[in-house]
Amino acid sequence: MRKLTGSDILIRAYLVLFFFFLLAPLGVMVIATFNSSRFPTVTPWLGTTTKWFDALFNDPQMWEGLVNSLIVGVAVVLVSVPLGTAAAMVLDNLHRQARTFVYAVMVSPLLTPGVIIGISTLVFWDRLGVKGGLHLAVIGQSSFITAYIMLMVLARLQRLDRSQEEAALDLGASHPQVFRKILLPYLRSSLVAGGVLAFFQSFENYNTTLFTRGTDITLTIYIASKVRTGLTPAVNALGVILIALTIVGAVGYEIMRRREVARAAAARRQAELEEIPANALVIADAH
Amino acid sequence: MVQLYHRYGALLATLLIAATAIWVLMMVVLPYLVMAEYSFHPNLPMTQQGGPNDVYTLSNYASLFSGIDLLNGELPDDFRVFLRTIWGSTLVTFISLVVCYPVAWHLAKAAKPEQVGLLILLLIIPFWINEILRTFAWYIILAYNGPLNSALLGMGLLDKPYRWLSGSGGVLIGMTYAFILFMMFPLINAIETLDISQVEAARDLGAPEWQIHRRIVIPHAKPGIAVGSIMVFVLAASSYIVPAVLGSPGTRWFTETIYIWFFEGQDWPRGSAYAFILLGLCVVFILSVMRIFRVGLTDIAK
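Protein sequences, first through last, are from chains A and B. If you're matching positions, the first sequence starts at 1 in the numbering used here and goes up one per residue. If you're matching positions, the second sequence starts at 1 in the numbering used here and goes up one per residue.
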């Protein structure tokens, strides 16, 4: 054990400060939920209460937003997973030059601001006579979520041993059989992971939804409108529930990931782990 | 393409190509092109669209800049908002980089592995929490009668409560808080791949700590810095909810201006033109960063 030097102490103090900055605001929001005050705050403390949860559960708008968010999320999964998989397979078969160009076009939605995806979707479909609404939110969100699925499937596709498909064809398998019995089982883990992430991306999307939703509300639209007008600690109560779910999700994901790491290390399949492109995860969350 | 038909047969291959085309054309390329085309139209009532007055014009773009009077230092409102958005986003990007770097270095190389797992988890949790909620948390903290003012008054650092939410300060703090982890993860990913023996060699040869960072770690972390900067800048420049919640009419953001032209001014062509200008700003930033740091698109979407 080496002795703590001055710079060690400094970096530790810095880390503590950084994590305080990161986590304290969430703590404040959680604590404010239980304050009796009509306005969300922690100072002054007017007594401890759980009435804001009741207020939240009795708000029909919240339920409407929640149901809409679930519908949109499922629809986005149903649209983006097949499209993203198809796009990855087509891209994987393109020749070098075309490939670079098509790849750039396909990843461009990941770098495009969510508001602009929303606006271009709105304008494009309006010119075709389609007005805003949940259906347009699905199309707008799928535009960039598909790109993310495409990257995940592509990463896995590039490690597929093609001789398996060749062997199957030589032995008389039909084309649909090659697809169903070899390719799909091989891609399964990517498709499941992609589907789960697509759902959550959709569920928490705000920027694209803001422009495409028409007059429909999703849960994020509901939260944003409550934060801007008619603010009561009922919004905090919703925040507490979402934070709790996030913690459960993050811890669960971490446990699963570590198990996966341990299992893969044992089986010496380390390469398989880099399946989900690290930065793509960050980029996908950006919308 | 030949391979696709060979393996999966004509029917399946055609379906795959059709599905790809639907996504790329109907959901990516055409919406951009139509929005671009639309932005060159004048704002006309439905009955006059396609009529003699419906001619291509640059006026929607020009309107952002019209009225600039450099001699008298007068700037039109929309242009002022545009400049504020560029300046504010740049500042948020820079602050995020400076704040993240020591933490990223520590987590990637200096800390013990068993500690790192927990700390990464502490990063992931707020990262997964919705941007609106994270912004809302700061709204509570910065409120006039909120905990920050109470604490500062209690410590005697302030005489009277400060209006945090009336200037740009609240917006900048909120954005840094909302987007800082988009800098953190790319930085950690980049620094992690550095071979620690390079650092040890430099240390053994007597290089001071700051030289090690300047000559070894930072050059190695370039792709991470590039990706992080792109993410934070684009997110900040295109953020709607943070300025809407933490700002005031005097600190309007360009996205809010676009929203107002669309849904309050009912001037969609101008809104489209402004959206296109915002997209142009982001593209210019992305291309500059890619050039300065010499990274390619595949490094970014890695």
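Please keep in mind that the hints were generated in silico from the structure rather than gathered at the bench. No residue lacks a Cβ here, since even glycine has one placed at the ideal position from N, Cα and C. Some hints could be false.
Pulled a few chain A residues facing chain B out of the computed Cβ check, cut under 8 Å [as the list claims (entries may be wrong)]:
#	residue
1	Leu15
2	Leu26
3	Asp161
4	Gln164
5	Leu184
6	Tyr206
7	Ile243
8	Ala244
9	Thr246
10	Glu254
11	Ile255
Hints and how they fare:
| no. | hint | result |
| --- | --- | --- |
| 1 | Leu15 | holds (6 Å) |
| 2 | Leu26 | holds (6 Å) |
| 3 | Asp161 | violated (13 Å) |
| 4 | Gln164 | violated (11 Å) |
| 5 | Leu184 | violated (11 Å) |
| 6 | Tyr206 | holds (6 Å) |
| 7 | Ile243 | holds (6 Å) |
| 8 | Ala244 | violated (11 Å) |
| 9 | Thr246 | holds (5 Å) |
| 10 | Glu254 | holds (5 Å) |
| 11 | Ile255 | violated (10 Å) |
In the structure shown, a violation is registered for the earlier hints numbered 3, 4, 5, 8 and 11, in ascending order.
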